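Asks: Protein chains in written order, with my numbering: chain X, 1 to 278; chain P, 279 to 859.
What the hints contain is simulated information worked out from the structure, not anything from laboratory work. Check before you lean on any hint, since a few could be wrong.
A short list of chain X residues far from chain P (calculated; beta carbon distances all over 12 Å) [as the list claims (entries may be wrong)]: (1) E55; (2) N78; (3) D82; (4) M116; (5) N122; (6) E258.
Below, computed lysine-lysine pairings styled on BS3-like, alpha-carbon distance capped at 30 Å [stated by the list, open to error]: (7) K145(X) / K740(P); (8) K347(P) / K371(P); (9) K43(X) / K165(X); (10) K559(P) / K822(P); (11) K452(P) / K559(P); (12) K153(X) / K740(P); (13) K851(P) / K120(X); (14) K413(P) / K371(P); (15) K851(P) / K165(X); (16) K781(P) / K43(X); (17) K851(P) / K347(P); (18) K387(P) / K371(P); (19) K561(P) / K460(P); (20) K781(P) / K740(P); (21) K561(P) / K120(X); (22) K452(P) / K355(P); (23) K413(P) / K355(P); (24) K499(P) / K347(P).
Far from chain P, some chain X residues (derived; all Cβ distances over 12 Å) [to be verified]: (25) R35; (26) Y101; (27) R111; (28) D148; (29) D166; (30) L265.
Note that this is a predicted model, so its numbers are computed, not measured. Using N, Cα and C, we set each Cβ at its ideal position, and we do this for glycine too.
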Amino acid sequence: MKVAMTDAAPPVAAAFGPPSVHPKRGTDGEAIRIRDFNLWYGKAQALYDVNFTIERGLVTALIGPSGCGKSTLLRCFNRMNDLIDNLRIEGRIEFEGGDIYASTVDTIALRKQMGMVFQKPNPFPMSVFENVVYPLRIDGIRDRKVLDETCYKALQGAALWNEVKDRLHASALGLSGGQQQRLCIARAIAGDPEVLLMDEPCSALDPIATAKIEELIDELRERYTVVIVTHNMQQAARVSDNTAFMYLGRLIEYGETETIFNNPLNVRTQDYVTGRFG
Amino acid sequence: MTTITADDVQQADRDSSQAVTRRNITIPLKARGEPALWALGGALSVGIVMIFGFLLLVFYNGFTTFIAKPVAVVTLKSGELVAGEPTRSELYKLAPDAVKALAPTDAAKIEARGGYEQRTLYRTGNYDLSGYDFKWVDDRNVARAEFPSDVLFVERLEWGAFVGRIKAAAIDGKTVSTPTAKDPALVQAHEAALQRLQAIRNIERNLIGRVNYDLERLRLKVRRAELNYGPTSPEAAAARANEVEASGPLRAQYELLAAEAQRIRQIDQKNTVTLADIAGKEKTLPLSGLVRFYAANDLTLADKIGIYLSRWWEFLSSDPREANTEGGVLPAIFGTVAMTLLMVLMVAPVGVITALYLREYAQQGRLVSVVRISVNNLAGVPSIVYGVFGLGFFAYGLGSSIDEVFFLERLPNPTYGTGGLIWAALTLALLTVPVVIVATEEALSAVPRSMREGSLACGASKWQTIRNIVLPRAMPGIMTGIILAMARGAGEVAPLMLVGVVKLAPTLPIDAYFPYIHLERSFMHLGFHIYDVGFQSRNSEAGKPMVFVTTCLLIGIITVLNLAAIIIRSRLKRRFAGSQF
Ligand SMILES: Nc1ncnc2c1ncn2[C@@H]1O[C@H](COP(=O)(O)OP(=O)(O)OP(=O)(O)O)[C@@H](O)[C@H]1O
Ligand SMILES: [Mg+2]
Numbered sequence: 001m002k003v004a005m006t007d008a009a010p011p012v013a014a015a016f017g018p019p020s021v022h023p024k025r026g027t028d029g030e031a032i033r034i035r036d037f038n039l040w041y042g043k044a045q046a047l048y049d050v051n052f053t054i055e056r057g058l059v060t061a062l063i064g065p066s067g068c069g070k071s072t073l074l075r076c077f078n079r080m081n082d083l084i085d086n087l088r089i090e091g092r093i094e095f096e097g098g099d100i101y102a103s104t105v106d107t108i109a110l111r112k113q114m115g116m117v118f119q120k121p122n123p124f125p126m127s128v129f130e131n132v133v134y135p136l137r138i139d140g141i142r143d144r145k146v147l148d149e150t151c152y153k154a155l156q157g158a159a160l161w162n163e164v165k166d167r168l169h170a171s172a173l174g175l176s177g178g179q180q181q182r183l184c185i186a187r188a189i190a191g192d193p194e195v196l197l198m199d200e201p202c203s204a205l206d207p208i209a210t211a212k213i214e215e216l217i218d219e220l221r222e223r224y225t226v227v228i229v230t231h232n233m234q235q236a237a238r239v240s241d242n243t244a245f246m247y248l249g250r251l252i253e254y255g256e257t258e259t260i261f262n263n264p265l266n267v268r269t270q271d272y273v274t275g276r277f278g
Numbered sequence: 279m280t281t282i283t284a285d286d287v288q289q290a291d292r293d294s295s296q297a298v299t300r301r302n303i304t305i306p307l308k309a310r311g312e313p314a315l316w317a318l319g320g321a322l323s324v325g326i327v328m329i330f331g332f333l334l335l336v337f338y339n340g341f342t343t344f345i346a347k348p349v350a351v352v353t354l355k356s357g358e359l360v361a362g363e364p365t366r367s368e369l370y371k372l373a374p375d376a377v378k379a380l381a382p383t384d385a386a387k388i389e390a391r392g393g394y395e396q397r398t399l400y401r402t403g404n405y406d407l408s409g410y411d412f413k414w415v416d417d418r419n420v421a422r423a424e425f426p427s428d429v430l431f432v433e434r435l436e437w438g439a440f441v442g443r444i445k446a447a448a449i450d451g452k453t454v455s456t457p458t459a460k461d462p463a464l465v466q467a468h469e470a471a472l473q474r475l476q477a478i479r480n481i482e483r484n485l486i487g488r489v490n491y492d493l494e495r496l497r498l499k500v501r502r503a504e505l506n507y508g509p510t511s512p513e514a515a516a517a518r519a520n521e522v523e524a525s526g527p528l529r530a531q532y533e534l535l536a537a538e539a540q541r542i543r544q545i546d547q548k549n550t551v552t553l554a555d556i557a558g559k560e561k562t563l564p565l566s567g568l569v570r571f572y573a574a575n576d577l578t579l580a581d582k583i584g585i586y587l588s589r590w591w592e593f594l595s596s597d598p599r600e601a602n603t604e605g606g607v608l609p610a611i612f613g614t615v616a617m618t619l620l621m622v623l624m625v626a627p628v629g630v631i632t633a634l635y636l637r638e639y640a641q642q643g644r645l646v647s648v649v650r651i652s653v654n655n656l657a658g659v660p661s662i663v664y665g666v667f668g669l670g671f672f673a674y675g676l677g678s679s680i681d682e683v684f685f686l687e688r689l690p691n692p693t694y695g696t697g698g699l700i701w702a703a704l705t706l707a708l709l710t711v712p713v714v715i716v717a718t719e720e721a722l723s724a725v726p727r728s729m730r731e732g733s734l735a736c737g738a739s740k741w742q743t744i745r746n747i748v749l750p751r752a753m754p755g756i757m758t759g760i761i762l763a764m765a766r767g768a769g770e771v772a773p774l775m776l777v778g779v780v781k782l783a784p785t786l787p788i789d790a791y792f793p794y795i796h797l798e799r800s801f802m803h804l805g806f807h808i809y810d811v812g813f814q815s816r817n818s819e820a821g822k823p824m825v826f827v828t829t830c831l832l833i834g835i836i837t838v839l840n841l842a843a844i845i846i847r848s849r850l851k852r853r854f855a856g857s858q859f
């Protein structure tokens, strides 16, 4: 695969050299391992030779300038990119040791293990309650007690319960943008996934809602593996344990957040996190 | 709308340090777009005026048709009497030669009007006595016009209206001479006569119909046995024996019923009225032959309202008579509604499923594009072509095959092998399915991608996503397509003439005989009724009011059907409203 890469590699590749990967810190294991991953939208390559490992039970932030491929990479983890025509990939992404792009993988089962929160809130045109229990409904769960309990827990987890407890059966579309986003988070955790993928979950939110969601991510840390894409350096510094910096479809630097922000190895990373470009 | 005014621009100029010289800014009208706006507004108003003008005309004529009008008795200068409802007046041009031939005073008057003469159309009725229902009377010939309070307007079962007086009535053999229209004895006897008529109809249609139906079933059983086992087989013999045995009591029952009908008829013969037209010419007919009679110039408002409502009720609830120009349109209402609903029942699932497949499942490529273009083009095929196809493929092809398999014993009489309700509905479904497909595809593609992704990311399968998220969300759009299809289908007439609509259907597609719903029967349709009454009847003048009323009704029915669908749609829409970001 490396060989195939060389002829397509753009000039910048040489300038960056191999990604700077810091020594791994002790955790309880690997959740997602990305190996020599390349991706093309039609003829245009969007990801170049990405290699890194997301650790279980930690919050990993993906940062980088717009268009560098953060969303693309995130959407590969739960194979949301399958919906796109003319998409081509090379390399492997492993989840709990298994290649998620293997032909035997059931994408439905995979997605049930990976909750996803999108950049823009996308509640369904149903009641708040039905939105939250949607992952259970599609599994055919009808037991009222189970549904009620899940709904309560998920909404509590998303710091939304107090705001919507009196309007559980009103349309979810009547909620404010920030409430809708937290509802989507509640929906994502209601299915009890192992990994939570968040693509700029706070980009449409005010500081108070943002703080609430950051608090939530902090709470989720122990039980879930969280991958969060963000443009907000402070946010990445505040909530994440590890940070991956991407640039033009490449992974430039990956390591503990503290190190990335304070002692980056790569000059590009330094420039980006200190706000000198990007 | 925000427009940049000259002030704004000048302000900007002042603000800008670059602006050294002051430009004199004028914004031409064309740039502001007002002329375009006027043109658009003008076009809109022309369109609206045309549509509302048309509707107004139809509704005005439709709703005034059933008002009881006064009856004028006109004495002509020649001494002749003309009695009738004045229908309308107009100016018409006389031939110059004809003017010259007139008396000098008349000729001068007409010359003064530029050769035009005023004339009035009277609905005289009495077709059986005079040979016409309507008569034009030129104003110059009129000596005197009066509205005497004792002239009656009589609606009859046969021969249309009668204008004149009741000379005498025989009620159970007793003669009452010159009764008034409100004579209680006459009114009572009339009601009794109408009930007798109803009783005779009930015997002949329902009871004797049942006997005939049973007899026919026996005959068909024999035929079936003969076809299945051969005419000499023991089964056929048994069926024949059964027919002979069972038809005896049926025939006896038939005789009994016929005798009862005859008895009632004889009572009817003893209850007659003798009508006399304005000139005294008489005509005697059974009391049951009168539908309604009233003294046209002596009506209170309550009488008028009563007549108006009872005419509407008759129109909506009874069968047509007199070549459809009188009576009601119940079978046509029934046929129109049944066919439209049946069509929707067929077109909605087929159209929606097709669109779902095309949009959600099919590999988007050249083949799908070709299919899509073909579907769009189908919407442009002239509807009569669909009629020909429906007749050839559905009725003669499919229907004949059904007959050969299931209704062999009835041949050569076709059952499904000729036009019928189901074939008409299928043909119209075919005609309107492109509308549903296009609208549904549009609605499906308008469902935001983010919503599908949200569902898929929750681990829903593609079908679950479509079922739970996409379809509910697209429902209002799909309903719009179905509404459009329904409106198009309900108003379509040309193809129906080939695949099952008839001038006069003997029976409704629903009755008391198994299997109760007879989709193979031919039916009546309001659209065709309009064409038939307006342009195919003996006297177009007599049919004209019917055309307007039927048009009103057709528009009304389509409106009601559409309103129902629109209400459903807005209910659906409300569920998705209130989205805010
Ligand atoms: N569906 C698509 N088809 C073709 N090209 C795409 C598609 N989606 C993304 N790309 C391209 O892939 C590259 C990476 O896009 P991606 O959305 O991953 O960027 P990003 O890092 O998430 O940026 P942002 O921070 O602005 O969201 C971009 O150059 C983009 O134009
Ligand atoms: Mg993105």
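Asks: Which earlier hints can't be squared with this structure?
Replies: 2, 3, 4, 5, 9, 16, 17, 20, 21, 22, 24 and 27
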